[in-house]
Amino acid sequence: AALSNPSALLHDLEEELMKVYQDVLLQARRRKAEGAQGKRGGSEHTDVYEEFLTQKEIQEQVNIVNVRSAVEMVDEALDAADELSLLSALRLSCLSLKGLHTENGFWYLDQLLVDRQHKAL
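So the mapping is simple: my numbering equals the position in the sequence shown, first residue as 1, plus 29.
Among the clues, some could well be false.
[To be verified] Derived pair list, reagent style DSS-like, types lysine-lysine, alpha-carbon separation capped at 30 Å: (1) K61 <-> K85; (2) K68 <-> K127; (3) K127 <-> K148; (4) K48 <-> K61; (5) K127 <-> K85; (6) K85 <-> K68.
[Stated by the list, open to error] Between beta-carbon pairs, the in silico distance windows are: (7) R59 <-> L124: 23 to 33 Å; (8) D76 <-> L55: 14 to 24 Å; (9) E45 <-> Q84: 15 to 25 Å; (10) R60 <-> K127: 44 to 54 Å; (11) D111 <-> K68: 27 to 37 Å; (12) S36 <-> A62: 17 to 27 Å; (13) Q84 <-> W136: 35 to 45 Å; (14) A62 <-> L142: 37 to 47 Å; (15) L142 <-> Y78: 17 to 27 Å; (16) D52 <-> Y78: 17 to 27 Å; (17) S33 <-> L124: 21 to 31 Å; (18) L32 <-> L113: 27 to 37 Å; (19) E105 <-> K68: 40 to 50 Å; (20) E79 <-> R120: 38 to 48 Å.
The hints are simulated quantities; they were obtained by calculation from the structure and are not laboratory data.
Glycine residues also receive a C-beta, built at the ideal position from the N, C-alpha and C atoms.
Generate the whole structure from the sequences, applying the supplied hints.
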């Protein structure tokens with residue numbers, strides 16, 4: 030709910046990924062707080078920016094989750110050899126792919142399957 034608040038100035042939020050965002054942000058905040066604690070040593074002085082995530086850091090985590098989700102969708106489309114699902118996944122804005130053409134869908138599917146097979150070797 031807080032992520033969706035317009036005052037948070039976050040963009041590209043996907044409703045179905047809200048739980049994942051929350052989990053990833055909690056982990057990122059813990060890492061940042063632990064890092065700040067290590068830097069301070071025994072010092073009591075704390076700076077809010079040392080322990081809490083900034084809007085930029087939150088947006089970066091949202092972007093990472095979106096890209097991971099899109100890559101999973103591409104993998105699922107490849108597993109199913111589903112050209113339309115692949116095109117849909119490749120067109121997600123978080124992947125920033127330009128110049129995709131529907132008529133090349135079969136070629137994208139074929140090429141990505143070949144590339145994935147070679148990578149597995």
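For this session: Hints the structure violates: just list their numbers, smallest first.
Result: Of the numbered hints given earlier, those the structure breaks are 2, 10, 11, 15, listed in rising order.
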